[in-house]
Amino acid sequence: MNGTNLFKIALRALANNKLRAFLTMLGIIIGVASVITMLAIGQGSKKSIQTQIAEMGSNMIMIHPGGDMRGGVRRDPSEMQTLKLENYEKLRDETNFIAAISPNVSSSGQLINGSNNYPSTIYGVGLDYLEIRQLKIESGEMFTEADIQSSAKVCVIGKTIVDNLFPDGSDPVGHVIRFNKIPFQIVGVLESKGYNSMGMDQDDVVLAPYTTVMKRILAITYLNGIYASALSEDMTDYATEEISTILRREHRLKDSDEDDFTIRSQQELSSMLNSTTDLMTTLLACIAGISLIVGGIGIMNIMYVSVTERTREIGLRMSVGARGIDILSQFLIEAILISITGGIIGVLIGCGASWVVKNIAHWPIYIQPWSIFLSFAVCTVTGIFFGWYPAKKAADLDPIDAIRYE
Amino acid sequence: MSKKVIELQNIKRNFQVGDEIVHALRGITFTINEGEFVTIMGTSGSGKSTLLNTLGCLDTPSSGEYYLDGISVRTMSKSERAILRNRKIGFVFQNYNLLPKTTAVENVELPLMYNAKVGAAERRNRAIEALKAVGLGDRLEHKSNQMSGGQMQRVAIARALVNNPAVILADEATGNLDTRTSFEILVLFQKLHAEGRTIIFVTHNPDIAQYSSRNIRLRDGHVIEDTVNKNILSASVALAALPKNDDD
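These protein sequence lines map, in sequence, to chains Z and H. Each residue of the first sequence is one higher than the one before, starting from 1 at the first, in our numbering. Each residue of the second sequence is one higher than the one before, starting from 1 at the first, in our numbering.
No lab work stands behind these hints, which were simulated from the structure alone. Please note: incorrect hints may appear among the correct ones.
Listed next, with one range per pair, are the computed distances between beta-carbon atoms [unchecked claim]:
hint : chain 1 : residue 1 : chain 2 : residue 2 : range
1    : H       : G18       : Z       : E309      : 28 to 34 angstroms
2    : H       : Y67       : Z       : E309      : 36 to 42 angstroms
3    : H       : A240      : Z       : N301      : 53 to 59 angstroms
4    : Z       : R404      : H       : S213      : 55 to 61 angstroms
5    : H       : E195      : Z       : D396      : 34 to 40 angstroms
6    : H       : E141      : Z       : R404      : 25 to 31 angstroms
7    : Z       : D396      : H       : R219      : 56 to 62 angstroms
Mimicking PhoX-like on lysine-lysine, the simulated pairs with C-alpha atoms at most 20 angstroms apart in a straight line are [what the hints assert, rightly or not]:
hint : chain 1 : residue 1 : chain 2 : residue 2
8    : Z       : K8        : H       : K101
9    : H       : K143      : H       : K132
10   : H       : K78       : Z       : K392
11   : Z       : K47       : Z       : K84
12   : H       : K143      : Z       : K8
13   : Z       : K8        : H       : K117
14   : Z       : K181      : Z       : K153
15   : Z       : K193      : Z       : K47
16   : Z       : K153      : Z       : K215
17   : Z       : K136      : Z       : K215
18   : Z       : K18       : H       : K117
19   : Z       : K18       : Z       : K8
20   : H       : K78       : Z       : K393
21   : H       : K191      : H       : K132
22   : Z       : K18       : H       : K230
23   : H       : K4        : H       : K88
24   : H       : K191      : H       : K230
25   : H       : K117      : H       : K101
26   : H       : K78       : H       : K132
27   : Z       : K159      : Z       : K193
28   : Z       : K358      : Z       : K46
C-beta: ideal position from N, C-alpha, C; glycine also.
Required output: the full structure, derived from the provided sequences and hints.
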């Protein structure tokens with residue numbers, strides 16, 4: 001047997017029936033194209049969610065007070081005063097899995113600069129806050145440790161605040177604005193981050209030393225929350241456990257008591273969102289996979305009819321010396337050629353369709369290289385699997401009957 | 001005595017049809033030497049198709065020995081017989097059996113496609129040579145649906161010649177053709193015979209026997225007559241004697 005010759009024979013046979021070969025391919029083309037497009041859409045939305053979470057700081061851990069009962073009434077966590085500054089200091093000094101940690105107190109109020117004013121929230125935070133939230137200073141600088149020690153009236157503001165308080169475009173650094181009548185000097189402006197996946201404006205922030213907000217604005221000794229960031233995303237669980245242990249100890253909770261604080265990590269959020277998009281991707285891939293199988297059955301159907309239709313040709317080939325294996329190979333090669341060619345066209349159309357979806361519908365699209373390899377491999381397997389039975393049928397024909405088949 | 005191409009020794013072939021056993025061949029013995037032009041004749045049911053299948057290595061006898069070009073065929077596997085057909089036998093069928101939508105050269109190349117020893121260039125050259133030998137040197141690239149019956153049969157004969165076989169087996173090769181074209185094909189067979197080819201021509205048309213060198217008649221699975229034709233008629237003379245066709 002000569003492989004090249006069999007390949008030529010199969011190619012000629014296909015060329016003699018171009019329309020039929022193309023129609024057979026169509027099933028595979030549609031199947032592969034839809035697998036690729038569907039996976040691209042699924043992976044695209046997953047990736048965009050992941051990016052957004054990463055922007056928020058994927059290692060971030062949020063500690064809030066909560067879960068306390070007084071006289072049978074569950075109270076609003078924000079009123080709770082269980083998180084103290086000492087807790088923050090203990091955590092800062094004792095944890096091993098945390099890269100950065102910052103207390104958080106916040107207060108809403110009106111920001112005023114001359115004749116412009118804007119309602120916003122001032123966050124009292126530590127120096128690590130920038131690292132935790134992945135924020136960057138665009139101009140000016142962050143307030144300093146000394147500012148925290150002295151409860152200095154300085155602040156760093158986001159782009160939305162700049163736009164509203166300084167509509168003339170002047171440089172806000174060095175200016176003094178007032179928050180609830182308390183003057184704050186602007187020392188820096190944050191780089192813009194845009195909206196997050198929840199639709200919140202991440203540029204609508206004013207950052208000030210936590211001591212300033214606690215003492216000068218709110219006059220409180222407790223914290224609204226503590227933000228921390230784990231050493232890496234994988235270590236989030238260890239960090240959470242460690243924080244929980246320290247806080248329970250500090251709060252002198254008995255084993256039977258429930259936590260009077262809650263710890264949430266971005267990992268929980270990301271795994272929740274991922275499971276949603278994974279489900280969607282799986283569903284889309286299943287639908288696409290079914291169309292691929294339907295395409296495969298199309299190949300089998302046509303090859304089967306083709307064997308019957310070409311019985312005389314098979315008989316002739318056998319009488320001039322084709323062995324069963326030669327006939328089997330020829331039909332198998334035809335089936336594989338159809339499915340692979342269909343696969344290539346399908347990949348091209350799938351990539352094209354993904355591009356169209358990206359540029360016209362503006363959906364996030366990400367074509368995973370493995371999805372192309374996968375659908376390609378599936379095509380070949382489909383060709384062999386669904387081509388085998390008709391090919392075997394052709395090879396098993398008796399040449400005497402086949403040559404005289406009417 | 002020249003070389004034995006075909007040697008049959010008491011060939012029997014039985015078929016199981018339901019509960020009955022049909023004896024298609026009941027002990028056939030004959031030898032065909034190189035360069036003979038043998039017609040095998042018989043009515044329908046005489047066993048000539050079965051004999052042809054056996055000679056063509058498409059079928060194996062139930063008992064008896066068959067040597068083709070000195071090789072014992074009876075114990076061969078299907079694949080071995082396929083290779084033997086590829087190298088030793090050229091078939092010519094009643095209904096030509098050309099591949100549709102395929103050029104004459106490609107049709108003739110077909111047997112060589114299954115012979116890995118023959119390269120692409122040699123394959124094409126041999127196909128062209130064979131087509132020239134049957135007088136179709138000017139129709140190499142014609143597709144099978146662009147040719148007349150006679151031309152298609154010539155392509156089929158070229159295909160049978162291309163592997164330089166030990167024997168050419170023709171099965172009612174003129175059955176689908178009109179008288180004039182039939183004679184043209186017979187002229188071609190006589191020419192091949194004159195060149196020393198061994199030809200076995202199975203037919204039920206008694207006229208053809210007059211143009212062959214030997215005639216074997218079958219009835220009910222037996223050879224009832226095996227005569228050497230001393231007085232071979234020339235097909236080209238007969239062709240010339242035919243009234244001219246208007247459309248030819």
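Query raised in the report: Any of the earlier hints contradicted here, and which numbers?
Result: 4, 7, 11, 17, 18, 22, 25, 26
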